[in-house]
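Protein chains in written order, with our numbering: chain A, 1 to 318; chain B, 1 to 452.
Worth flagging that the hints you see were computed from the coordinates, not collected in a lab.
Please note: incorrect hints may appear among the correct ones.
Unchecked claim - Below, in silico cross-link-like pairs of lysine-lysine (DSS-like), each with a Cα-Cα straight-line distance of 30 Å or less:
#, chain 1, residue 1, chain 2, residue 2
1, B, K146, B, K438
2, B, K146, B, K309
3, A, K75, B, K229
4, B, K254, B, K438
5, B, K449, B, K53
6, B, K449, A, K75
7, B, K163, B, K59
8, B, K64, A, K75
9, B, K53, B, K64
10, B, K70, B, K59
11, B, K326, A, K75
12, B, K438, B, K449
If you're wondering where the values come from, they're calculated on a predicted model, not measured in any experiment.
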Amino acid sequence: MTTASFAPDQERTPVPPAEPEGTATRLALKKRGRQARALVMPALIFSIVLTQVPFLVTIAFSMLQWNQLRPSEIKFNWFENYSVVFTGPDFLPSLMSTVIITGSSVVLSLLLGLFFAVLLDRKFLGRGLARTLMITPFLVMPAAAALLWKWSMLDVNVGMVNWALNLLGLPAVAWNTDLPVVTIVILLTWQYTPFMMLILLAGLQSQSREVLEAASVDGAGPWRTFQWMTLPHLRQYIEISTLLGTIMMLQAFDPIAIMTKGTGGTKTLSYLLYERAFIGLDVGQAAAFGVVTVIITIAVASIALRTLFKVFINGGER
Amino acid sequence: MLVKKRALLVGAGLAITAIVLSGCSGAGGGAGAGAAGKDVTLTLATVNNPQMKDMESLKGTFEKDNPGIKVNFVQMEEGDLRAAVTADVASGAGQYDVVTVGAYEVPQWGAQGWLKDLTPALTSDAAYDVGDILPPVKTALSVDGKQYAVPFYGESSILMYNKEMFAAAGLTMSNNPTWQEVAAAAKTLNTPEHAGICLRGKPGWGDLFAPLTTVVQTFGGAWYDNNWKAQVNSPAFTEGVNFYVDLLKTAGEKDPVSNSFTECLNQLSAGKVAMWYDASVAASILEDPTTSKVAGKMGYVHAPVYKTKESGWLWSWNLAVPATSKNADAAVKFAKWATSKEYQQLVGTTLGWTRVPPGARTSTYSIPEYKKAAAAFAPITLEVMNAVNPVQPGLNPQPWVGIQYVTIPEFQDVGNQVAQLVADAIAGRTTVEEALAKGQVIAQAAGDKQKK
């Protein structure tokens, strides 16, 4: 996994010698292994109960015909819900919307996050304050952020964005009606830029000053230093922030529920899932959509990102 | 069979846990409806809107008059309430003794046998005066002559207009306008300062499609014919939707897809729109001078029509007793108290006459204090609510009772999906005809389920 490589090399407990010297040592080793396993068990059981059991229940639900308003007609129907998922008209457009919205939000917030991280990675008066202010969007609750954008930023009559457009002599934009996808992307970018920035800033601050100094002594300009020293150094940080950002933005729900209600190409998988469960009241179908979404998320996280990041790898570094 | 049973158990178990947890956090414990002894604790699950909060603040009077009965309020969002109640009834847990149910669900749940038939308890009590309940509301809450809920408050839809803007443009408004007249006035009044009319455009069966369904009906369309054949791509339905979309494009508010009740209310109160077709309950807020710039300047008339005589919708929030309640007698007593004439007097004298729940009883509109406090909108509300016909709101007979909704479980899903398609048409990403052609397929799938 790409993610594993991010963890700095921790000091591991020395591995016992491979060639056992006698039965006594072997027994002692075995006992230690058992003890270790026993100590890990509670945590393991706890996490299995918390993460895997709900997933198994979801899989079970996804094979039921179960509409909440017809509780007398619950029955096992094998893969019928999945056939609806893959043959129905909802899934592919929804997958496309998810890819477009998540993809553009991740890329935009990554670029902006990198930009702000570079800006904040130098000493100036009030840096702490600036950093706190920059992080704020990420701390605002998603539903509150969506309401804030709906009413005070993007409102067609009194919103600040349209007010600014009017100042520039441009006509007001009916964001939700005419540009629903852009609206959601703007909001997600606004919300997740600080997250990207935080991770990248940590990366920048871990960069050794001597290396940068040496580069400038060798006559490298700021852009060359950034391109050939800083970016390769940041690779792992970019990977992890993209990975986490993608996983979080795949689940984006609040702005869609509050602002666009799934119209105009904003019906992402998570919103579709909500619709099936709470408006269609079809638990079985919603569970099937949920299982498919999880599988897609895992696939995207493990395969697509790994190939994507070949771009950043300089000749033979990995 | 075994699988089915086990899944049911798991589901029920999860649902119960969720209910117990939400019950505890919502009301601070005490969810156990004690059947022991003669002391009874009623658990009331309700939507969290202002009138229900008034009810909670007045429950002390009921508890004082009925020693031995305590009432516990559990407030939740509409969606959560539905899930909690359906799970409760389906599992037979009997957590709730009184629930608030919307007009859309009362007939469905009643027919399913989930709600207690209140007819005997209501008709046998002369003091309750069941005949005083507004007839269309009573009809909408009954199935085969059995009444499954009592209305707490009700509403219809009316056209609200800014008299100042009309006078400035030299226009007048009749008490029963047609949609063509309204469209012509809206176009005249549509200026850079204010839009001609505000209409809901937010996708959702209860948002966009509440007013739009009434427009479709007065244009002669309907969701289904008498044999549950979907009529969404019929010429009349298409004409109605086209009219609505064109009106929005030519004289409507900006950014319609953002707008539902609250958003239009804001624009009206700020004087940014000349007309608004929406719920009658809005009038009481528009007439409040503390929040509204247009208080005293508004006129209220019947919903605009085209081919039918009336076109207002009909909605009520109601109290019902789940069939699983273990304290049904006490529960019925409370439901009757909260919807009685005395309760309205109690609200009027303690909280103020404008806070009296409207649109449920005819006698509300003959209380002198209420008539005075609500002079601007009480007469039109009563007039419209008595005029609408939930049995046949459109030109043709329909196999369900209800105006701006179809009382089948699938309708909210159908309404939502078609509303999203129509919103695309409002934004110009697709045509109304294309949107409704897709909507027809969705609606027919739900209609087929009613046939069997």
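- When the hints from earlier in the document are held up against this structure, which numbers fail? 1, 5, 7, 8
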